[in-house]
Structures are given as structure tokens and as C-alpha cells.
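Student: Those protein sequences? They're chains A and B, same order as listed.
Residue numbering for the first sequence follows numbering that gives the first Met the number 0, starting at 0 and increasing by one per position.
Residue numbering for the second sequence follows numbering that gives the first Met the number 0, starting at 0 and increasing by one per position.
There's no promise every hint is true.
As the list claims (entries may be wrong) - Keeping only pairs whose Cα atoms sit at most 30 Å apart, straight-line, the calculated BS3-like set for lysine-lysine is:
1. 332(B) <-> 5(A)
2. 222(A) <-> 49(A)
3. 332(A) <-> 108(A)
4. 5(B) <-> 332(A)
5. 332(B) <-> 86(B)
6. 5(B) <-> 119(A)
7. 20(B) <-> 332(A)
8. 332(B) <-> 20(A)
9. 119(B) <-> 5(A)
10. 49(B) <-> 20(B)
Keep in mind the hints are simulated off the structure, nothing from the lab.
The model shown is predicted, which means the values in this text are computed figures rather than measured ones.
Chain by chain, the residues run as shown.
Protein chains: 2
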Amino acid sequence: MNSPLKIAIAGLGTVGGGVVKALTSRHAALAAQAGRGIEIVAVSARDTKKKRDFEVGNWVADPMALASGDADVVVELIGGEEGVARKLVEAALENGKHVVTANKALLAKHGKRLAELAEKNNLQLKFEAAVAGGIPVVSILREALIAHGVDAVKGILNGTCNYILTEMEVSGRGFAEVLKDAQAKGYAEADPTLDIGGGDTAHKLALLSSLAFGTAPDLANMKVEGIEQITAADIGFASEFGFRIKLLGVARQTSSGIDQRVHLAMVRARTPLANVDGAANGVVVDAGEAGSFFFSGRGAGEAPTASAVVSDIVEIARGSFGPVFGRPAASLKTLVPADSGAALSAYYLRFEVLDVPGVLAEIAGRLSEANVSIESMIQRGRAPGESVAIVMITHESPQYAVERALKAIAASDKVRARPCMIPMEAA
Amino acid sequence: MNSPLKIAIAGLGTVGGGVVKALTSRHAALAAQAGRGIEIVAVSARDTKKKRDFEVGNWVADPMALASGDADVVVELIGGEEGVARKLVEAALENGKHVVTANKALLAKHGKRLAELAEKNNLQLKFEAAVAGGIPVVSILREALIAHGVDAVKGILNGTCNYILTEMEVSGRGFAEVLKDAQAKGYAEADPTLDIGGGDTAHKLALLSSLAFGTAPDLANMKVEGIEQITAADIGFASEFGFRIKLLGVARQTSSGIDQRVHLAMVRARTPLANVDGAANGVVVDAGEAGSFFFSGRGAGEAPTASAVVSDIVEIARGSFGPVFGRPAASLKTLVPADSGAALSAYYLRFEVLDVPGVLAEIAGRLSEANVSIESMIQRGRAPGESVAIVMITHESPQYAVERALKAIAASDKVRARPCMIPMEAA
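All chains, full assembly: derive it from the sequences and hints.
Tutor: Below you can see the structure in the form of C-alpha cells.
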């Protein structure tokens, strides 16, 4: 058997601990699969005194020292798009060490440049754990679904958001209350902004989009919305129409360019993405003539994320080749954004209106003026002189037309709040 | 860029044609992903005069000549566990050529020996297309879900069977009628035995089981049943109980050994496998602590299967390493079969009985004597003196206990036909 592959791990939080445990407890099995042993030669973590449920030797105080030690592979689990994580990855690649990382923010921002550095030095920079935890969607896009090109990739990529949306649907409770509950249970961070604001999904989508379309990761050309605006009422109405509301990341090749969006979408019940519940993740890849493929499972947490890190390490041990983003980094194209306003979609619309004669006629008139036609409608409850909800599903219309109509409707003195607008996504 | 990878293709049926078309029409894109061009240098097919919707040069009359030509990779798409396919694969590996194949029968029977031959000569023998068409489940088991071991792999692996079961459910028609229709539409072969008898699923399961558990593919230690016995009535009753009936291949690590089975199973509605419809395939992998993962998509046909073949070719072009079945072939263990009779499961039972007093008491008595308890029951229709159905769901019981009770019940003169017994599968 070949000499063992030497690993240095920077960051011993949940994922780092999971990696140590898997490499230790399944050492012999993984050596058989890798064709050589895998040895942890050094670790580094901010808090060296924290009580941990595993043992590991050779602590190094300064993570940067790992880049110049005797490891073959540096596993970066510190996180963050700048700072130590970025410096460590750069130094490791400059010093001839392969890198495995779960750092989606770093790669979404600096992916092309880091991949160029890795490829120049004939090194691997692997990041299966950066997207969808244990679901091997990075490999699937990089290696498997390549024969017919990819038309679109769309996914539920943030377990926190999906947990909150599922809980809201099951319990009928409001967003703020469910978020608090999720924080208490450890499904949401104390500062949940990156998750619920859509930023984490955006980082992941930028990587999937790059792999799918051969473009450099591009966060700038992406419309990003979070889940903060969702109400229990919307979730209930969606259900009545036969839909579920999910936070999706969608990257799609269109005739005008690549459309990248993170937003709440109405997904028809019984489709695969609609049935991704709780903290799970799910991804649909539309692979040209080969058809649509769906992948789901646990997208975060110790064991699923460690599973992805370990599979990357074993690939390096086996001598894995192939460019970081599936094509040589130097050839990754600049993304040409689609004209997203022209994209056709059906929409869910909710208006909070004064229950006075003529309000429905006014809304219908504004939509009609913008050439937006209505497929179905619910007007629930009568409260003369008070506020009631009017909910509609439109036929397929260009986004800009619906936005124009909604602007006009919002200006009416019979309309009490900003109208809610959620696109349908075939999934 | 490196010199092109030279490919020879044996067999130009649906899949072979799809491979030629993908390699031709997406030549530049695939070269960018592979790091080198991919050139078809020779092809061979039984019928050289057949009209084809693609062009290809350098026809070779004898497929065996491909094993000694100048190709780097021989793509074997002839099929069959013996004969030309086997000889060609052996000769190619002996002559220093990598092999890509979709031949599940060949590998299920001779996989270990062929893998040893490939590994001895430092060659790749890749078979993503042999299982589940475009779903990259071979790579997923070989490379991705390895950190925590696999407890079970279960799948809908035969599109013909799943199409027939779906059509029976949707239309309420019987098996024979739907099979005839499927044959007319090209979803079933003129001789459908290998599909509907479960043999094709068995070949695929043997490969998945090997990848999951590090054992040599083993068809002998596998219980294989087909779908011929299914009735529209069973599908209807299943639906009333909240289940769908699917032909599953299941391989599971148990305390007594590995349990490998191909049979009809009751799958709870809303679970992933229950929602795999029509000719699609779906696979669940229970990956230890990392949790359950689900993968679905088109499992057969030109583009999906070609997609898998092309991804294998590109992996070889990139310089892919790693043993054929995930571990060195010489180390693949002999499968120790589980005591499947002791396996606990709930069961769906249907009895066709004479509608006379005492018949239910007799059935319940026999089940009780075998310690099998009943969770729910449907007795539909009254036709004194004639045949009616009694349908039950049992609590979890050992298989041998249920079989013992059914044997006793079948001996009763009040029972008109062999009782139907379908296990539940959590999926």
C-alpha cells in the first residue's frame, strides 16, 4: 500500500469534529477505499480548551502554520470569505498542498482565482461540503451530468429556512415565533441573517451555477431575497391552491443569459422539491436531453457535512484529477446575466384591501391594463369597512408586467399593505 | 492540451447511438471538461446496414478486433453475461485498454474477476450506465457516501416494472392488459421476462450491494420475485391503506449478514420512493450517521444512459483512479447472507375466501397461533356463498411466522386462492 496521506485540519467545530471522528473510527475501511491510510498530522482551533468528544494530537496554535507543515492536504473549516480562511487556503496552495474546504462564502467570492492558483500548481481544491452537506451535488455537476449540458439547477439549499417554512406550515404559527423556536432548538443561529436573508443560499447557488454553466462564480449578478416577509396566511393560501412555499436558489440558462435568483417560490405539491421537509436539502438538475434528476438528504450538521469532506479527502488519496470547477479555471467565462424582468412565470399575489365595493374591480383592472390575466382567486371573509385578503394566481406573465401592475395597485387608497408577490417554480 | 483519448464502441443500439451523438455534438464542451479531446476511432455493430440518425466512420466487422486496435478505451454496449460481450471485455483488459460498459448481467456474474483483471493491469473498468441510467448512483456509492458506511441501499431500478405498476394504479387495469400496452408503446420488450421477472433489478442490486458493502457481487444469495402476480385489487387496497406497491431491490446489512431481495413492497405514500412514477428510477441510500439520501431520474433510454457512459469516459480522460468496486477487487469479501426468515416486517395480506360464517375467525386464529397480530383490516362486499377478499395489515412480525400462518390458512377449504403477501418497506 502507498504511504499514508497526511491531513491537517483547521477548525474543530461541528464539522471538523465530525471529520476527525470519521477518519479515526473508520480508519481501516477508508484506507481500503482510498488505497492508502489517511493520517491527521496536525489540527488547529481557536479554542484549544473546549471540551470535545474526540481526541486528537499535535495541536498547532497558529492555523497558518498548517500551510507550511508536512501535511499533503489542508482541510479548511474556519469559514468566512476573507481573513484567516482565505490566507490559509492561499498559503496552502502556494506551498503545494491540496485543499479541502466547506467554505462557500470564500469560493463564491474568490473561487476563480483560487482555482487558478490550485491548477497552476497541479493541486486539488475540493469543496463538496460547501453545498448541500452530504448530497454529492458538486461531484454530480462536475463529473456525472455533463454529457448533455445543464439547462437549470434549482434547490433548497438552506436547512434553517426550510425548517422554518415547514414548521410554519405544520403549526400555523408566524415567522417570528417559529424563528425563535428554531434558535432555541439549534436549527437557527443567534444571528440568523445569513440564513434567513438568503445569503447562504446565494453562496451555494453561485457555486452550483459555476459548475453547471462553466462561468466564474458570480454573486453580483444574482437577485437575492430571504424568507422574512412570509406570513402564515400565505402558506395557508398556497396550500389551498395546491402549492408549498419554499426558499429556492435557481440558476437557469436562458436565451438572454444566465438567470440566478434566490427567493421564495410556490412549488406544486407532490413535486420532488415540494416534499423536501424540515432541515433537509434537495436539488433538481435539468440535464438537457437526459432529463431531470433530483437529489435529497441532510444538508448540514456534523455527520452529513463530514461525509462530504471525507469523500473529498479520499478522492485526493486516490489521485483524483480534474479541474476545480469542472473546466480549467482560466477558461471559466464571465457570466452574462439574463433579462430577468422578461422571464415568464405564473405568480401568487396577495392584497390586503379595505372591504369596500369596487376594490376587486380596481385590482382586476390594473392587472388587465398590464396584460396580466388571472387564473384563480380566493376572497375570504367579509368585514365591511375593514381589511381583508384577496389572493390570486395569475397565468404566465413577464415579471416586469406583474411588477408594473402591483405598483399601480399599491398606490390605491383601498390597499392597506405592500402586495405580496411569489412566483411559481416548476420543480 | 493532452493528446485525445481514443474510443472504440461495440454495439450501436439505442445507448451506443446516444453516446456517439453526445460525443459528436458536444465535442468541444466535453474536451474542455475532460482536459483533452475524445475521438471515436472505431465502431462495431451487428447490423451494419441499419439506418441510423448519426454518422460515424471506421466500421469494424468483428467487435473482437476493437480489443486489439489503437483505442485507449473500449465501450462495451453489446450486453449479455457471456458470449461476445464477456470475451471483448476480457480481451480489452488483457490488451491494456480501459473498459466502459453498461452490462449489468456481465458484472453481476463476473464482476470480481473482471475487476481483478483490470486492477492487475492498472486499468479502469467503469459501469455507471449499468445501474439506474443517468442517476450517478455507482459513483455516489463508490466515492461520495463512504465516510460512515452504508446500512442499506434500496431502489426502484427497473423502469418497465415501475411503468406497469404506475399505469395499473392510474387506470385500474389488470397486469396483462397494461403489459401489452407497455409493449406497444416500447416501454416493455417483446420478451419482457428479464424485466418483469425481477432479473434485471437483481443484476443491478448485486452491483449496488457490492459497492455498498465491499462484497463480491452475488446473485446466488438473493431472493428474487417479479411483478407478474400483482392484481389491480392489491394496488387499490394498498392505496386505501395509504401505500403504493413498488418493485424494490433492497440490500441491507443485518446482524446476521447481508439481506438481498427483489420483490414487490408496500411503500408509504409521500415517501420518496413512493413518488417515483412511470419509467423513472429512484434509489435510497441509508448512509449511517450521515442519514438517508435519495436520488431519482430517468433510469433508461438513449440520453440518460449515454449520459452515464460519457461521464465514465470523461473520468478516464481526466485520469480517474480508484478500484472498480470501491475497494481493491482482491479484497472484496464473500457475501454472508442474512437469515431473511427472521427479518421483522409488517405485511399486507389478501385472502380470497368463501363468504361463509367463521372464515374471518379461522384466518385470525391461524395468524394468532403464529403470533402474528393484525393492525387493520378491510372486508369489502358481501356475497354469501361466493368469493370475497379479506385484506389485512399486520404488525411487525418475522417473515417465517407469517409464512407459517399463510400455509395453514391456504390449506383451509374456505380459502379460494393462494394468499397474497407483500412486505412493507420503510422508504
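Student: So which of the earlier hints does this model not fit?
Tutor: Violated: hint 2 alone.
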